[in-house]
Every structure is written in C-alpha cells, then in structure tokens.
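Going down the list, the protein sequences come from chains A and B.
Okay, so the first sequence: first residue is 1 according to the working numbering, each after it adds one.
Okay, so the second sequence: first residue is 1 according to the working numbering, each after it adds one.
Keep in mind the hints are simulated off the structure, nothing from the lab.
A hint or two may mislead.
[Claimed, not checked] Listing some non-contacts, in silico: residues in chain A with all C-beta distances to chain B over 12 Å:
| hint | residue |
| --- | --- |
| 1 | Thr66 |
| 2 | Ala128 |
| 3 | Ser170 |
| 4 | Gln183 |
[Stated by the list, open to error] According to the in silico footprint, chain A covers these stretches of chain B (three or more CB under 8 Å from chain A):
| hint | stretch |
| --- | --- |
| 5 | 199-209 |
| 6 | 346-353 |
We put the beta carbon where it would ideally sit given N, CA and C, even for glycine.
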Amino acid sequence: MTKETVSVNRKITTALLLSAGLALAGCAGTVPKEKDLPPQPSGVTTSTTTINPPPVGQPAGPAPGTRADFMASVLADTILFDTDRYNIDSEDQGILQSQAQWLARYPAARVTIEGHCDERGTRDYNLALGERRANAVKNYLVSLGVDAARITTVSYGKERPVALGSDEASWAKNRRAVTITVQ
Amino acid sequence: MRSTPVTGLRVTGLCAALLCAPLALSAPPVHAQQAAPKGPQPAATPAPAVDSSPEEDVVGTINNDAAIAIPVFPTDEMLPTAAEGGNTEALGRNLARVIFGDLKNNGLFRPVGPDALPRIAYGEVTAPTFPNWRARSAEMLVQGFVRAAPDGRLTVGCYLYDVALGSELARQGYVVKPEEWRRAAHKCADMVYARLSGESPFFDSKIAYIAETGPKGNRRKQLAIMDSDGANHRFITNGQSTALTPRYSPDYSKIAYLSFLNGTPRIYVYDIGTGQQRLVTEGKGPTFAPRWSPDGKYILYSMAIAGNTDIYRVPATGGDSVKLTDSPGIDVGGSYSPDGQRIVFESDRSGSQQVYVMNADGTNQKRISFFGGRAATPEWSPRGDQIAFTHIAGNLRIAVMNPSGGDMRYLTDSWQDEAPTWSPNGRIVQFFRTAKTTGKTSIWQVDLTGRNERRLNTPVDASDPAWGPVLP
Chain A
1 MTKETVSVNR KITTALLLSA GLALAGCAGT VPKEKDLPPQ PSGVTTSTTT
51 INPPPVGQPA GPAPGTRADF MASVLADTIL FDTDRYNIDS EDQGILQSQA
101 QWLARYPAAR VTIEGHCDER GTRDYNLALG ERRANAVKNY LVSLGVDAAR
151 ITTVSYGKER PVALGSDEAS WAKNRRAVTI TVQ
Chain B
1 MRSTPVTGLR VTGLCAALLC APLALSAPPV HAQQAAPKGP QPAATPAPAV
51 DSSPEEDVVG TINNDAAIAI PVFPTDEMLP TAAEGGNTEA LGRNLARVIF
101 GDLKNNGLFR PVGPDALPRI AYGEVTAPTF PNWRARSAEM LVQGFVRAAP
151 DGRLTVGCYL YDVALGSELA RQGYVVKPEE WRRAAHKCAD MVYARLSGES
201 PFFDSKIAYI AETGPKGNRR KQLAIMDSDG ANHRFITNGQ STALTPRYSP
251 DYSKIAYLSF LNGTPRIYVY DIGTGQQRLV TEGKGPTFAP RWSPDGKYIL
301 YSMAIAGNTD IYRVPATGGD SVKLTDSPGI DVGGSYSPDG QRIVFESDRS
351 GSQQVYVMNA DGTNQKRISF FGGRAATPEW SPRGDQIAFT HIAGNLRIAV
401 MNPSGGDMRY LTDSWQDEAP TWSPNGRIVQ FFRTAKTTGK TSIWQVDLTG
451 RNERRLNTPV DASDPAWGPV LP
C-alpha cells in the first residue's frame, strides 16, 4: 500500500507543478525534484486535467481534509534517510513544512508517521531505528507548531519495503518516514 | 573376537523392568541397568542370517566420524498403534529412521540407517551379532525395540554398543504415548550423541520460528513451532498480523514474541497450553526483542520511548519493569549469561551497533566488540564460553567471540545471515539466511567449526529461529 502511496504522490506532485506553471521544460520523463521547490501555497489542489480528470459534474479536486487532499497538497508524504541516520535535512524540512501547513489548515486531522529501514540491518535494531526516524519527523512537525497529540508513530523496521531490489537504489528508497493521514 | 558384554551392563532381559516401572517422558529416563531385569527373555535366540548383499555397506572411519549402524527396532509382537506406521513393526523402522536423521546431521558421525541394513531379530537387541557388524565395518551399533502396551502406550528400548569391543556402552528405556513416539527416538539419539561426543544432548528439543510466505513486498509472517528435526510442525498465529522474533520460555510453556496485532509492534507472552496471550508490559511504547532469563523468571524486552530505545526487565508473570539501560542511543536485545548474572546486549551509543556486557541489574556496562564493522544480536552460549552475534561489514555474517570480546571468528560467509541462537548444548548455532533480491528466508544450523552447515527443512520460508532447552 505504501508503494502506491509514494508513486501516486509523485504523480500528483507533478500535476501540481504543471498547474503552478513552473518551468519544467526538459523535465519530461524525469521526476521533478520536489525538494527543490518552495512549499505550495495553501489552498492549491489538483485542478488540472493532466491526470485523473474529475468526472463531469463533480467538484474538481479531492474533498478538503481528506487523505487525497493531503496527498495533493503536500510536496511529498515521504522523506528519505541515509544509512543508519535519522536526521532531518533541509530538503526534508521543505516536505515536512508543507505537511505542517496542511495540518494547520485542518486542525482536526491526525497523522501517523511510519518509520522504515532498508533490508541490510538486523531485525530488532531496524525496529528501533524506524522508531527513531518516525520520532524525528514527529519532533520536527511539533517544532513547526503541530500538536504532538495529533501525531502517532509506528516503526515497521525492515518489514515493509517499497522498493524490492537488493541494491543501493532500492535501499535508499526504503530508508524512509511516511506521513499517513488518519481519518 | 567376540566378547560378552561387561557383567555390570549385561542384559539378561529386554528391559522388563521398564514395564514394571513405566516412566513417562515427563520424568527423567530410567537407566535400565539401575533396575533388575527379570523373567525369561529370548536373549538366546539364534541370530538370523544377516543379509550379506552389500547394497550399502557401512563405510569405514573417515577422520573422526564414527560409523554407526542403526537397524530397524524390532518388536516382540506386531500390534496396531496410533504412532506413525500403524503397527509396531513399521514403527520400529520409523524410530530407527528418526535416530539416523538426528545423528547424520551434526558432522560427528557417519550413521547408516535402517533402510540400508539387514533387520535384526527381537532377541538380538540385547545380544548383538557383533561379527556381522564388524564385517560391515560398523564401529558403533544402535539397537532397540518397541512394544505396545494394551493401553496404547509404547515402550522403546535403546542400546548403544561398541562393535569392536563387543560391549554395551549405554542403554535407556522410554514409555511414551503413541503421539510422542518421535520423542523416544530423539531421546535415544541424545543418549548416543552424549555418550560418544561427551557433549550434552539436544535432539529432544523444539524450535520456535517465523514462517514466511508471499512476495517480498507483502510477506505474511506467522509464529510457528516444530521439533528440532523439523517434525511436528504447527502454526501458532494465522498471519493476519505480522509476527516476529519468538522465544520459548525455558519450560516450553510460553512463547514471547512480537506482533503487530493492534497496529504497533508489541511483545506478547503466548501461553501454549491455554492459547491465551497478554502484553509483556502495559508500557506505552512499542516493545520488541524479547528474551527469557535462564530460570524463566524474567523477560528482557526493548522499548522505544520518544524514539529512544532502552532495555527493560519484567517478571515473566507480569508486574513492574526495571529499566536497565539509559543511554541516548539504541540499546536493544539482550541475552543472559547461563548463570543469570550478566547480560550481553547491543547498543549504538558509540555511533554504530556494537556489543556490550553489563551486570544483570544494569550496572557496569562495557563494550566488548572492537574488531571493526558493526556487531549485533549477541546471544550468550548456554555453556557460557562463547557469544554468537551478527557481524555487519557489507554482508551480514554469523560470528562468535568469547565473553571478553576476544577470539572473534566467523562461522558463516553468505550475503545475509543474522540472528544466531544456540542449541541447548551450546554446540550448534542456528540462524536465518536471507536471499539477495528475492528476500526468501531459510533457517540454517552451523557447528562451532563453521564447517558443518546445513539448511533446516521447513514447510515454507523461515526466519527468526529460537531453540528451546532439552525437554525433561
């Protein structure tokens, strides 16, 4: 499930970028680097018809406050970590700031932060490391003003990879923290 | 030259005393020589002509491997039984097969099983035809019998002979319920192993592990148990929630394991008898890496609070937890020394996973691993002289060191081996191996030389093996 989440998010982010009229010439075929972009202005939703055109007669975009709205509004639901690390770097901060803005808009919304690791570690340690990563995200969101009571954490250790290869590229994708909205 | 058994060990009856004083396997096996055999026995029955066709003769000694012949265990009377085989005659073959399987898998012996040997007469059990076995180059001979009582219970006799000396080395008898017939075979194999190796027995024991199915991106992980040879396999959980890292209590009555039952990883203590389980602690944080104390009175667990993981100890029956570590790093795992006085554990307080030792009350924490790379999942040998662990330097490999961190050496060399646990006698290390790319897992055993490595047969993929002690 998390796998779909990430890829869907990427598509939606792409759509957002297109709709915002940002210069993307020459980027066809590559995923834009979300982290290089400023946080989206609040209120923006996917109103383009680039992907998933809304059925005629329906209001454009997902219902406010929903998971779909979250996915459409934030830069990404996932941040990535280096091996054995759990620090929030400047790129991660941009993503988490966009999540904090969405959470500020919907004060009733709650989130669970999932912490994950790559397969190249021992099981118990990875459970602890995933918890540490999830808490690093939580602490950063709290520092941005999100009430800690709205955030829960869960570590899946190395139990739920999104990239299934046994190579550096896959491991890099799996060392992650994912923000999941809870309805 | 044929010599008669030493008088003190001489068998004049076929364990008649065993029937007079039947023992259940919940009690220590009675050594037949402690009881006075009585009654007329067919010890004088002439041995049948041994099949001389050398289909698969016992091979001579290679290195220190002792060639052990294990013919079918004859029965005095073919009776139906609920045990495997349906009758005592077929069961006698199955018993010998199980013993053969146990003894062939540890690298010490070169057993030859019942399917490659002539049958023996009932009367030969206590009066082996040694010349025939010498002709087959057998050095050791395991003979036994099986009998069914009217109540269905089985009596199994087990005898170990030195063929060259023509003398008996050991004997035991077991009375078991039909469904426990394999335990009689394991006890017999244990007797042979212990007598010939000088080590403590370990075959009559069980393994808890995680059975894995499904693709890498969506693995189903179920708690499962089996005998040490893979028999009597049973799933405990249905796989709806991911289960991980089980540990048998020393008395086999409970299993502590991790489950994502309510969404977060928590340790549960599962009671095998009642099928009930409870949380190891009501503490709020996620808990993982359960470990029993050698006396079964305590459980160590690791709990993350606000992202920081420390090791705690709680009475096995529940109650207040004691926090044993307090570093800002991840302190996780933990394994008691056999005397219960010390705990070896893993911490990344130095910046990477390394192995530390502390007193059982948490005092005097000292790092012992200083050989480069990362060192994880330490497990103290039941003998106390070794610590097995996972060494991470690129690949994950199983290694051992002494309790001071010296004499580190690898036992395996594969892409990803982790989570060693010990056989009850501290001679074999069990771990699981993950295959690159596919993520498929399997349980392996390796002896302390690192030379004898074998994969355990499991019905599906398997990880997180944990051996329990030898059954009483």
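Results of checking the hints against the structure:
no.	hint	result
1	Thr66	holds (21 Å)
2	Ala128	violated (4 Å)
3	Ser170	violated (9 Å)
4	Gln183	holds (15 Å)
5	199-209	violated (count 0)
6	346-353	holds (count 4)
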